[in-house]
Amino acid sequence: MTGEGKSISAQILKGHLDLLLLATLQASPAHGYVIIERLRLQSKGTFDLPEGTIYPALHRLEQAGLLASQWSEEHARRRRIYSLTAKGRAALQSGTKEWLTFAQGIQAILFGEVQSWPI
Amino acid sequence: MANLIEDYLTTFRSLLPVGKRQQTRILQEIEDHLLESWSHEQEHGMPPEEALRRVLARFGEPAEIAPVFVEQAVVCTRRQTRLLLVASLALCFLLICATIFRYPAIAGSFADNVGYSCFCLLLLCAYGWLGLRATSLKSTIALPALRQEVRVSLYSTLSFAITYLLLCLLESLLWSKGVVLYPRQNILAIDHMLNSFLVTVPFVAWLIFTLIGSSSAVSHSRRISTGSMVGLWSGLTMALGVVLISLALNYALMGLLLPTSWSYDPICRSSSDLAACELGDTLGGSTSALLALPLLGAGLGTLGGVFSRGRSVVLS
Chain P
19 MTGEGKSISA
29 QILKGHLDLL
39 LLATLQASPA
49 HGYVIIERLR
59 LQSKGTFDLP
69 EGTIYPALHR
79 LEQAGLLASQ
89 WSEEHARRRR
99 IYSLTAKGRA
109 ALQSGTKEWL
119 TFAQGIQAIL
129 FGEVQSWPI
Chain H
613 MANLIEDYLT
623 TFRSLLPVGK
633 RQQTRILQEI
643 EDHLLESWSH
653 EQEHGMPPEE
663 ALRRVLARFG
673 EPAEIAPVFV
683 EQAVVCTRRQ
693 TRLLLVASLA
703 LCFLLICATI
713 FRYPAIAGSF
723 ADNVGYSCFC
733 LLLLCAYGWL
743 GLRATSLKST
753 IALPALRQEV
763 RVSLYSTLSF
773 AITYLLLCLL
783 ESLLWSKGVV
793 LYPRQNILAI
803 DHMLNSFLVT
813 VPFVAWLIFT
823 LIGSSSAVSH
833 SRRISTGSMV
843 GLWSGLTMAL
853 GVVLISLALN
863 YALMGLLLPT
873 SWSYDPICRS
883 SSDLAACELG
893 DTLGGSTSAL
903 LALPLLGAGL
913 GTLGGVFSRG
923 RSVVLS
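Protein chains in written order, with my numbering: chain P, 19 to 137; chain H, 613 to 928.
Simulated from the structure, these hints should not be mistaken for laboratory data. Please read all numbers here as calculations on a predicted model, not as lab measurements. For each residue, glycine too, the CB sits at the ideal point set by N, CA and C. Heads up, a few of these hints could be off.
Taking beta-carbon pairs under 7 angstroms as the criterion, some of the chain H residues facing chain P (in silico) [as the list claims (entries may be wrong)]:
1. Leu-639
2. Gln-640
3. Asp-644
4. His-645
5. Glu-648
6. Phe-671
7. Gly-672
8. Val-680
9. Gln-684
10. Cys-688
11. Arg-690
12. Phe-722
13. Asp-724
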């Protein structure tokens, strides 16, 4: 990816980070490192943000009541496990619908056709 | 090797002027992430030193990440402070109205009661407007100053709550036990002494907290207006605390307070008169506090700010 392409990708990603973080926690609760790994693996390396930027976003989502978190002891190490709340699940659902509408609109303008995507 | 992580966390800590609990949480999360990421890189065959450098680079510069946490803490603190302010103002007004309309003898006629309530409402609205403006997201007050405001207010109000409770209990003890042993005139003199001493203590504590808090906030912001704002906030919270705590304790401890000096007052004959006298006395005092303390606080805060600025100029 070119430098220009990478910065555009980071900007777009920043606007959708909340939705992506909620989506990574849909399957199961996880701590910060695993969330970042899921983002990287599920996007096949496309979303490779500076890792430190994820934590403020997780804290913000928790303050908004979309995530809940608690300490857990694993291998003598304390880690904060994040999970989706009911409000977070609802936000994920509505965010996904919004994204689909937006993406289909873009697709229709760029390619002149609308492909139906699974929800 | 681990020194690199420690150095990284120390730098991060120095850039995080947030509450201790939140700071510990953030740093623990980051430390866990770095250690996990480091061991993961090593499992993939990378030499420890190179792996750690890579992990730290991938995490990002503390100077870029820490301000995002601080910004969030500011938003959160502002939101909580505003909520607390609005709730206190509303509760204050309700308590004043409930008192004045339950015991109409305090103010006199119905028109006087309405006038007094309107005056209190106007005063509280003005303070609410000032307080909300000072804590709005557009306000330029930095987090350390905002935290200083909240801390000063809490300490001052707490000192008032403790001394006022103590005063009520001591007064009750004095008039129930002391009056059997000593002449009433002596008990009355002791009562007056107790009153002035236990009202002076929280007031002096508030003066000291406000001066220290405002000068400390100005030393961070380098602006005297920050000191005035800390002082105003401290005075406003203390005034609200005085109204809420004194009226609430009066209602809660009415049974203990009525048989004190009021029962010897020639004007307060019946028990409802007694209650009106006691509550009216408290209401008068607390309304004066509501009127004077915020203005006095703003003045004190400015003084603290000027002192702090003067000292920093001399030191530099």
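For each hint, the structure was consulted:
1. Leu-639: This hint is violated: Leu-639(H) lies away from chain P, its Cβ roughly 11 angstroms from the closest one there, beyond 7 angstroms.
2. Gln-640: holds, 6 angstroms
3. Asp-644: holds, 5 angstroms
4. His-645: holds, 5 angstroms
5. Glu-648: It holds, given that the least Cβ distance between Glu-648(H) and chain P is near 5 angstroms, below 7 angstroms.
6. Phe-671: holds, 5 angstroms
7. Gly-672: With a closest approach of 4 angstroms, the Gly-672(H) hint holds.
8. Val-680: holds, 4 angstroms
9. Gln-684: At about 6 angstroms, which falls below the 7 angstroms cut-off, the nearest Cβ of chain P leaves the hint on Gln-684(H) intact, so it holds.
10. Cys-688: Holds, because the Cβ-Cβ distance from Cys-688(H) to chain P comes to roughly 6 angstroms (cut-off 7 angstroms).
11. Arg-690: Since chain P brings no Cβ nearer than about 12 angstroms to Arg-690(H), farther than 7 angstroms, the hint is violated.
12. Phe-722: Interface hint status for Phe-722(H): violated (46 angstroms vs cutoff 7 angstroms).
13. Asp-724: violated, 47 angstroms
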